[in-house]
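J.: Sequence:
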Amino acid sequence: MNLRRPPSPELLRNSTSPRKRGEVKKNKNDIAGEKTMTKAVWAALFAILAVTGAARADDYPSRPITIIVPFAAGGPSDAMARVLAERMRTPLGQPLVVENVTGAGGSIGVGRAVQSPPDGYTISFGHLGTHVANGAVYKLKYDLVADLEPVVLLPSNPMIVVSKNAVPATSLKELIEWLKSRPSPPTAGTAGAGSGSHIAGVYFESVSGIKLQYVPYRGTAPALNDLIAGQIDVIIDQTSNSIAQVRAGTIRAYAITDSKRLSSAPEIPTAEEAGLKGFNMTLWSGMWVPKGTPKEIVAKLNAAAVEALNDPAVRKQLESQGLEMTPKDQLTPEALGTRQKAEIAKWWPMIKAANIKVD
42 MNLRRPPSPE
52 LLRNSTSPRK
62 RGEVKKNKND
72 IAGEKTMTKA
82 VWAALFAILA
92 VTGAARADDY
102 PSRPITIIVP
112 FAAGGPSDAM
122 ARVLAERMRT
132 PLGQPLVVEN
142 VTGAGGSIGV
152 GRAVQSPPDG
162 YTISFGHLGT
172 HVANGAVYKL
182 KYDLVADLEP
192 VVLLPSNPMI
202 VVSKNAVPAT
212 SLKELIEWLK
222 SRPSPPTAGT
232 AGAGSGSHIA
242 GVYFESVSGI
252 KLQYVPYRGT
262 APALNDLIAG
272 QIDVIIDQTS
282 NSIAQVRAGT
292 IRAYAITDSK
302 RLSSAPEIPT
312 AEEAGLKGFN
322 MTLWSGMWVP
332 KGTPKEIVAK
342 LNAAAVEALN
352 DPAVRKQLES
362 QGLEMTPKDQ
372 LTPEALGTRQ
382 KAEIAKWWPM
392 IKAANIKVD
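If you want this note's numbering, it's the position in the sequence shown, counting the first as 1, plus 41.
Some hints could be false.
To be verified - Mimicking PhoX-like on lysine-lysine, the simulated pairs with C-alpha atoms at most 25 Å apart in a straight line are: (1) LYS301 - LYS382; (2) LYS301 - LYS398; (3) LYS301 - LYS214; (4) LYS252 - LYS398; (5) LYS341 - LYS182; (6) LYS180 - LYS221; (7) LYS387 - LYS318; (8) LYS301 - LYS387; (9) LYS382 - LYS180; (10) LYS387 - LYS180; (11) LYS387 - LYS252; (12) LYS252 - LYS205.
None of these hints come from the bench; they were simulated from the model.
When you get a sec, could you build the whole thing from the sequences and use the hints?
T.: Structure below.
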């Protein structure tokens, strides 16, 4: 019988770490060499990625770009986005397609943009409501500042105080007196909780001492229809949305919530001129891209937007909608980022104090 002799205790004591067949013990020089090689490989990979990123920026754009507008087609934001999309096509050499992604005060559309790849092919279009107020109104799954990269500060839209024609007031002072005299709170139409028209209404209450009952709509267009029909009393709306109805005589205008009169409607006084101090609010707009988008791509988008906004035909078209053009020295990503942060600091405390929120 062939029996293998068991290993001696001495041999077992000396075998502290059995190795696999073919394994060779590495010395300190081998390990140091491997570490050096690993660092070299990573350095090479980072260099390749950097060159690849630069190449992508150089080739950008190579396909159509999507602008996500978080409101329904036909509204003031949609109209501005489409005007800019058409003109930006020339310097970029690719079409810009407007996609309307509605719901939850615009937060769904912004969320879609945030979740998109940071490659410059998805632009988030919005304004004070979507990129400032929503952060205090909704429980967002994204951060409006940390998750987005500003591109350009777009024209602003002063708000306008309008009422149904049946209101027996010819000035802002008379309107406030009439609103205060109602036996029950007068009705004010809004585009939904936390919308620009809702925030403007709360602001109006705080500076005038009135109390309003808010009637939410899916956008200001249906609210305007009810105002024209006399179903609600007032709206503090975007000028671009209401100015045509004011000119047509179907509703009555009292004041602009800006520091200066509209160049397209100089007959309408500012709120301060009409006797109400401190009521200054403009619904500015902007373009953003997902955080992490290469700076070169952000610069290309900014340059295309600036070229569009400096086009006399575009300026005329936007001004005819009641929009106030952005000063040329403010057409930068930095200006939009600064404005957004300043507006968050201004409006969030007021929104929270008024308990405007949607769970």
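J.: Next pair to validate is LYS301 with LYS398; report whether the Cα-Cα distance is within 25 Å.
T.: violated (32 Å)
J.: What's the verdict on LYS252 and LYS205, does the C-alpha distance respect the 25 Å limit or exceed it?
T.: Holds - the C-alpha atoms of LYS205 and LYS252 are around 18 Å apart, at most 25 Å.
J.: Check whether the Cα positions of LYS301 and LYS387 lie no farther apart than 25 Å.
T.: Holds, at roughly 21 Å.
J.: Does LYS398 lie within 25 Å of LYS252 when you go C-alpha to C-alpha?
T.: holds (18 Å)
J.: Keeping to a limit of 25 Å between CA atoms, is the pair of LYS387 and LYS318 held or broken?
T.: holds (17 Å)
J.: Would you check the hint for LYS180 and LYS221, treating anything up to 25 Å between C-alpha atoms as holding?
T.: violated (34 Å)
J.: Are the Cα positions of LYS301 and LYS214 separated by 25 Å at most?
T.: At roughly 18 Å apart (the allowed maximum being 25 Å), LYS214 and LYS301 satisfy the hint.
J.: Verify the proposed pairing of LYS387 with LYS252, using a straight-line Cα cut of 25 Å.
T.: holds (22 Å)
J.: Does LYS341 pair with LYS182 here, judged by a C-alpha cut-off of 25 Å?
T.: Given pair LYS341, LYS182 is violated - Cα atoms ~29 Å apart, limit 25 Å.
J.: Within 25 Å, alpha carbon to alpha carbon, are LYS382 and LYS180?
T.: Status holds; Cα separation ~18 Å.
J.: When you check the alpha-carbon spacing of LYS387 and LYS180, does it fall within 25 Å?
T.: At roughly 19 Å apart (the allowed maximum being 25 Å), LYS180 and LYS387 satisfy the hint.
J.: Given the hinted pair LYS301 and LYS382, is their Cα-Cα distance within 25 Å?
T.: holds (24 Å)
When the structure is compared with the earlier hints, violations turn up for hints 2, 5, 6 and for no others.
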